[in-house]
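With chain A's structure known, arrange chain B on it following the hints.
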Amino acid sequence: MTAMRSGAVPAHDPTATDFERLAMYPHVIASWVDDDGYPTSVATSLKADAVAGTVKLAPPAGMKIPTDREIGVMGSHIRPQPGIGYDQRRYLQLWGRTTDGTTFTPVRAWGWDENETPFFEYSERSVPQSRRYLAALSKEKGRTIRPKLSPFWLVLRTTRLPFLTATAVPVLLGIAVAATDGAFTWWTALLTLIGGSFAHLGINVTNDIFDTLSGADDANTTPTQFSGGSRVAVYDLVSIRGLVWVALALFGAAAAIGLLLVAITGSMTLLWIGVAGILVGVAYTAPPLKLVYRGLGEIAVAIGFGPIMLLGAYVVQTGRLAVEPMVLSLVPGILIALILFVNEIPDRRSDAEAGKRTLPTRFSPDVIRTGYLVAAMVAFAVIGVGAGIGLLPWPTLLALAAVPIAFRVHSGLKVHYDSPYTLMAVMGTNVNLNLAVGGLLLVAYILTIAVMLIGA
Amino acid sequence: MGWLPDPVERLLEVALVGELTVIGRNGRPIMHPLIPLYDGEKLYLHSSTLFSKKLEHIKRDPHVALALTDPVAMKGNPDRATIQGTARVIEDDPHKDWERLILDLWRAKEPSIDDFLKARVALPLFFERAVIEITPERCLYWADGETDRAPIKTQAPKAEAA
Numbered sequence: 001m002t003a004m005r006s007g008a009v010p011a012h013d014p015t016a017t018d019f020e021r022l023a024m025y026p027h028v029i030a031s032w033v034d035d036d037g038y039p040t041s042v043a044t045s046l047k048a049d050a051v052a053g054t055v056k057l058a059p060p061a062g063m064k065i066p067t068d069r070e071i072g073v074m075g076s077h078i079r080p081q082p083g084i085g086y087d088q089r090r091y092l093q094l095w096g097r098t099t100d101g102t103t104f105t106p107v108r109a110w111g112w113d114e115n116e117t118p119f120f121e122y123s124e125r126s127v128p129q130s131r132r133y134l135a136a137l138s139k140e141k142g143r144t145i146r147p148k149l150s151p152f153w154l155v156l157r158t159t160r161l162p163f164l165t166a167t168a169v170p171v172l173l174g175i176a177v178a179a180t181d182g183a184f185t186w187w188t189a190l191l192t193l194i195g196g197s198f199a200h201l202g203i204n205v206t207n208d209i210f211d212t213l214s215g216a217d218d219a220n221t222t223p224t225q226f227s228g229g230s231r232v233a234v235y236d237l238v239s240i241r242g243l244v245w246v247a248l249a250l251f252g253a254a255a256a257i258g259l260l261l262v263a264i265t266g267s268m269t270l271l272w273i274g275v276a277g278i279l280v281g282v283a284y285t286a287p288p289l290k291l292v293y294r295g296l297g298e299i300a301v302a303i304g305f306g307p308i309m310l311l312g313a314y315v316v317q318t319g320r321l322a323v324e325p326m327v328l329s330l331v332p333g334i335l336i337a338l339i340l341f342v343n344e345i346p347d348r349r350s351d352a353e354a355g356k357r358t359l360p361t362r363f364s365p366d367v368i369r370t371g372y373l374v375a376a377m378v379a380f381a382v383i384g385v386g387a388g389i390g391l392l393p394w395p396t397l398l399a400l401a402a403v404p405i406a407f408r409v410h411s412g413l414k415v416h417y418d419s420p421y422t423l424m425a426v427m428g429t430n431v432n433l434n435l436a437v438g439g440l441l442l443v444a445y446i447l448t449i450a451v452m453l454i455g456a
Numbered sequence: 001m002g003w004l005p006d007p008v009e010r011l012l013e014v015a016l017v018g019e020l021t022v023i024g025r026n027g028r029p030i031m032h033p034l035i036p037l038y039d040g041e042k043l044y045l046h047s048s049t050l051f052s053k054k055l056e057h058i059k060r061d062p063h064v065a066l067a068l069t070d071p072v073a074m075k076g077n078p079d080r081a082t083i084q085g086t087a088r089v090i091e092d093d094p095h096k097d098w099e100r101l102i103l104d105l106w107r108a109k110e111p112s113i114d115d116f117l118k119a120r121v122a123l124p125l126f127f128e129r130a131v132i133e134i135t136p137e138r139c140l141y142w143a144d145g146e147t148d149r150a151p152i153k154t155q156a157p158k159a160e161a162a
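Protein sequence lines, in the order shown, are assigned to chains A and B. With the working numbering as the guide, the letters of the first sequence map in order to residues 1 to 456. With the working numbering as the guide, the letters of the second sequence map in order to residues 1 to 162.
Same shape as in the complex, but just chain A:
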């Protein structure tokens, strides 16, 4: 097959499959430019001969299909779904000439079938065309014309705000563990949550900047709501310069809150935890370390959202490190790394193209699925063993109620591994696993605190 023009779905030399597919349409539309310079179209029936490479068109009455110019023949199908939209969208267009007004010999073909290229993927493949068009339009109009989103959605999309649950779980757990140790100040707890959130959002934006600059996001034509980054720079909703300013503002706010907390607690440990957190987050995609390009992305996320977030929150309240929060931090660390791990699955081809060495780019689907289950069970084992040896309070065993969610994700990965869009539900369930475990652990610590207060 020879690609004959660039585009979302390239045109190509007609193949036997094209003839077979054209023959399946109940009618086709023949189109040509008439002598007055207008396109003319007429529906007609056809008989395709893949061996001869010709299509016999039924001659329309009162019209003559010209033999001295190129004509187009298209089969098109769509099923309207009232109140919902459409499905079964497909069309196939062939171009060529007729020698006698009925025998059509195509020389190029182009089409789209949403069963083969889902609409969202087709749209993503077409993003470069949108950018070219808007650039040309801006030049023509003498002013910059860019795509827009309302401020609310733009902030949400740019920062990937919904992912903040990944920060909330470890920070709240760190605060809860500190409270069981008798240390809790509500306003420093609130500042920790806000500061941690700013740092997380700053890291999200920074990663988008480097993924856009490296071409990783451009190469990804199957992003989902959980994967593929914010894409605000890919869509030109925000410039790279704009993203840099957003990242600096977010890191600035995080640093200001962090330094305030260091000043309040007088803890240099907290300062080093904060610095390590931002460095690990930025180095995830930023040079020179580019951890995700070296096969260290998942470890970096586990450390960042496990020990760093949870211990940081604990140290703010207590001013010291301890074994219990260290052990507990392994749980959100593993589960949040597993969110990344599953979200990397639909991105694996574009990630590999960009040189990222994520686990799904390096291992087979079977290894990835097994790895997922093993890692999730290790997280639950930490809780079970921790509670068993008395390191964690026994109510934390409540979190084991979430084990079936991990098995649901594992089963979903078996079925949907190769389909980015149906995998979305699995990715959602995996996010819920972290929320469920985190929520149950919080409940466990609140129960523990309540028992302590009653006992006191």
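Any given hint could turn out to be false.
To be verified - Ranges of calculated distance between the beta carbons of each label pair, as one might list FRET restraints:
| id | chain 1 | residue 1 | chain 2 | residue 2 | range |
| --- | --- | --- | --- | --- | --- |
| 1 | A | 140 | B | 120 | 17 to 27 Å |
| 2 | B | 1 | A | 142 | 31 to 41 Å |
| 3 | A | 140 | B | 26 | 20 to 30 Å |
| 4 | B | 152 | A | 428 | 54 to 64 Å |
| 5 | A | 186 | B | 121 | 31 to 41 Å |
| 6 | A | 62 | B | 26 | 24 to 34 Å |
| 7 | A | 100 | B | 144 | 23 to 33 Å |
| 8 | A | 49 | B | 26 | 24 to 34 Å |
Derived from the structure by calculation, the hints contain no laboratory data. C-beta: ideal position from N, C-alpha, C; glycine also.
Coordinates of chain B only, in the frame set by chain A:
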């Protein structure tokens, strides 16, 4: 006021898909299935900037044709028609212009558009759109869609064709 024959207007009112033919760079006809809208005088189609090559073609050569051929997309109406005309692309503000110009017509034909609009954040470029306004000039009509019979040809009154 419009001049298109009544049966063609009836087709336009129900058509969920029509095939727009534009003239490509080498004089080649290029077809695009699109939802046609009609305000009783002009035809309106619209295109996301994602799929905007057709807009570039129209700006180079504004002669276009819209074919209404598929009974499934015409709510079972078997008639067929091809409307030829001159198009202009309205693209001053691809973010908002189309909403002002055609959203009501689009909504009347495809009410689910409001649900898609609520999810605009999911695919923002899809809703950056230009409007293709077509002034109909000539019309071919096939009763019962039988193209083995010659079409009934009608033409815009002189002033409108200009």
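> That 31 to 41 Å hint for residue 186/A and residue 121/B (C-beta), does it hold up?
Replying inline: holds (34 Å)
> Does 17 to 27 Å hold as the CB distance between residue 140/A and residue 120/B, or does it fail?
Replying inline: holds (25 Å)
> In this structure, is the beta-carbon distance linking residue 152/B and residue 428/A contained in 54 to 64 Å?
Replying inline: holds (55 Å)
> Measuring from beta carbon to beta carbon, are residue 140/A and residue 26/B in 20 to 30 Å?
Replying inline: holds (22 Å)
>> A range of 24 to 34 Å was offered for this pair. Does it hold for the Cβ distance of residue 49/A and residue 26/B?
In response: holds (26 Å)
> CB of residue 100/A to CB of residue 144/B, is that within 23 to 33 Å?
Replying inline: With a Cβ separation near 27 Å, residue 100/A and residue 144/B satisfy 23 to 33 Å, so the hint holds.
> In this structure, is the beta-carbon distance linking residue 62/A and residue 26/B contained in 24 to 34 Å?
Replying inline: Since the Cβ atoms of residue 62/A and residue 26/B sit about 28 Å apart, the hinted range of 24 to 34 Å holds.
>> Holds or violated: the 31 to 41 Å window for the beta-carbon distance between residue 1/B and residue 142/A?
In response: Given a distance of about 37 Å, which is inside 31 to 41 Å, the answer is holds.
This entry satisfies every hint, going by the numbered hints stated previously.
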